[in-house]
Amino acid sequence: MLEIKRLKAVVGDKEILKGVDLTVKRGEVHAIMGPNGSGKSTLAGVIAGKPNIQVIEGSILYEGENLFNMSAEERAQKGIFLGFQYPYEIQGVSMLNFLKTSINHIKKANNSPTISIVSLANLLDEKRKILKLSEDFLKRSVNVGFSGGEKKKNEIYQMLVLNPKLVILDEIDSGLDIDALKLVAEALNIFKNENNALILITHYQRLLNFITPNYVHIFVNGKIIKTGDKDLALELEEKGYEEILSAIE
Amino acid sequence: MANLNVIKDLLKQQAKKNILTNFLDYKYYNCAFLDYSYLVKNDFEEKKAHKYLNFLDNKCKVIAEKKYQIKIDSIFKCDIPSISPQIFFFLNSEFYNEVDNVDYLNSLNYVYKLKSIKEILAYDHYFKDLEEKNFFNKVVNVLFHNAYKVLINNDTNKIREPIQLVNLFYYEEPLHTYSKFIIEISEGTNVSIIFCAHTLNSNKYIVGLSLDIILKPNSKLYLYQMSNINDSSLYFINNNIYQEKNSEVNIFSTAINSATFFNTMNVYVKGENAITNLYGLWHSVKDQDVNYYTSVKHMASYTISNQLFKGIMDGKATGLYKGLILIEKNLKEVEAKQKNQNLLLSKESKIISLPFLRTYSDKVKCFHGSATGYIDQEALFYLCSRGIPKKEACFLLTEAFANEIINEIKISSLKEFLANLISKKLRGELQNCFKCEDCVSNL
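Listed in order, the protein sequences are those of chains Y and A. Anchor point for the first sequence: position 247 equals 424 in this note's numbering, and the numbering is continuous, going up by one each time. Anchor point for the second sequence: position 271 equals 362 in this note's numbering, and the numbering is continuous, going up by one each time.
Hints should not be assumed to be uniformly reliable.
Said to hold, decoys possible - Lysine to any residue pairs mimicking SDA-like chemistry, simulated, CA-CA at most 25 Å apart:
| # | chain 1 | residue 1 | chain 2 | residue 2 |
| --- | --- | --- | --- | --- |
| 1 | A | K420 | A | D453 |
| 2 | Y | K277 | A | E507 |
| 3 | Y | K277 | A | K506 |
| 4 | Y | K316 | A | K168 |
| 5 | A | K307 | A | K168 |
| 6 | A | K481 | Y | A286 |
| 7 | Y | K342 | Y | M178 |
| 8 | Y | K328 | A | A470 |
| 9 | A | K481 | Y | G189 |
| 10 | Y | K328 | A | E483 |
| 11 | A | K481 | Y | K306 |
| 12 | A | K158 | A | I208 |
| 13 | A | K482 | Y | L315 |
| 14 | A | K481 | Y | V188 |
| 15 | Y | K316 | A | S514 |
| 16 | A | K482 | Y | N243 |
| 17 | A | K168 | A | R251 |
| 18 | Y | K328 | A | K428 |
| 19 | Y | K284 | Y | M178 |
| 20 | A | K481 | Y | E240 |
| 21 | A | K506 | A | N397 |
| 22 | Y | K342 | Y | R183 |
| 23 | Y | K306 | Y | A286 |
It should be emphasised that the hints constitute simulated quantities derived from the structure, not laboratory data. Note that the structure is a prediction, hence the values are computed from the model and not measured.
Kindly produce the complete structure, drawing on both the sequences and the hints.
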């Protein structure tokens, strides 16, 4: 589904990604763990098409297509979804209008008819209940006045509603209390199937207690330095980055 | 710019006519034309004067000589359905009372033509220092050829619906037209007024209107001002508002289809516990020029004012916001807010924002600010990352910017109409003066 090869990228004058290789197949869950400032969010941004990141080397293929030929909206229309670490607040755009516009543009790009009002209402309601979001949630402006936890739940809500193929969640667990974390994990387990894939960027093992990754990657200084199974996350939690890094060196 | 002598002659001619028809006080006549600089002497008013003089030429008629015997319905249809059961039409500033289904005598609201300067001067004392400060006030005071009184009576036994004052402009030649409305809101009355101005063909018009509004104690006014003025024309409107105790005024001015537009709001908050809310929203494109001038003068304690003006500018559009909060001496518990925000959709568009605050009392709470910028790129990426095309995402963010003001509108059909109008204009689905061809063929 996703094939990243020798990816190098800069933000301004600074090289952030220094040769990333990563392959993600349908049905897989990948966890990327790494210290602050190692470039995890930049990698997520490159996949989603964030404009201020310049790729200087390497390639990314998504379902066999060169991702660099696609704008951010085209990537989303083809099924890539980024759950933001810091979701933006958009005063004056209601969640309902935002999601309706989003769904219809994705459908249009995929030559599907636009969603009827009844189907939209049912879809939004069904997914809202999974995350126990309040009934007035859809009337509120996007992320405006939301608590940190609500913002993160909103990212997951959008994911459930838009039903993408490849999901990258950038520190979705930060700012969530234990109950909210369980809800988010439950939602991810409902969402996960053989036709989609998840990349979870996280600092902590705790999310991985609820959703089991097929692969855990340690990301340091702009590249993946070690890949293992779910036990690697436990080892990391126990020993910390320094000890694992010195063992590699 | 037009030749000054030509303009002087033109204005003098009109002023003479106004003297003869009892419409001009000699004090205006003398100071305006013996000393021409009277009109343009104030530095802050220079832009207005310059713009006005640029629009003038000797081909413009000052008073429409031809009176059209036409049914309003055949040239104009209001775009907002069921907005008001009481509509008063003015064609080229003449009161057009040949409208069916309006029973003026049994109405809660009376609109009638004022016949002499004496009647008009009866309200002059409310706004006595204005003529020295406002260029367009001076122009209307010298040149107006029609004046109307709008009296909103208090009758708590009847349900009060919004009233609509529709100013239509249709002429076969270029035309100046200046008129004055004196609006008196009786004690304890709560009313909504929709005040519109439409040009109905592509001729050049100079439309000057003054609204002198007096709010009696415990009265409340929602005034919605809308315009659809063609690209060749200049439209200016002066709002002079006098508030007595416990009164509340809410003005919503929009300039979505106005090529060269000046709106001035001077508010005298004279009575205690009075509340003033001023809102302005404009969207200008091409080389359109929209200008808002506000002045809220707090003259009593326990008064609250709030000003919010938002401009959206595209193409080579220019804009100006100059706002003033003035708090007089020895007042207490005054709260005054003033905010101007502008969204530039092109690199060539320009805005001048001048928020001013002058307070001569200590026990007051004031806030004023101004912010101008382009579309927020991070918000744009957020929307695009959900599959929304960049252009559509820009529209959504622009609509969201306007919504802060639209959401304050209390009439739901008007709110819906304005949101739709902005949405259509952003998407290029609306031409300025889009009805011209239809109207011309109907005449």
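Output the indices of the hints that this structure fails to meet, ascending.
When the structure is compared with the hints, numbers 4, 5, 11, 18 and 23 turn out to be violated.
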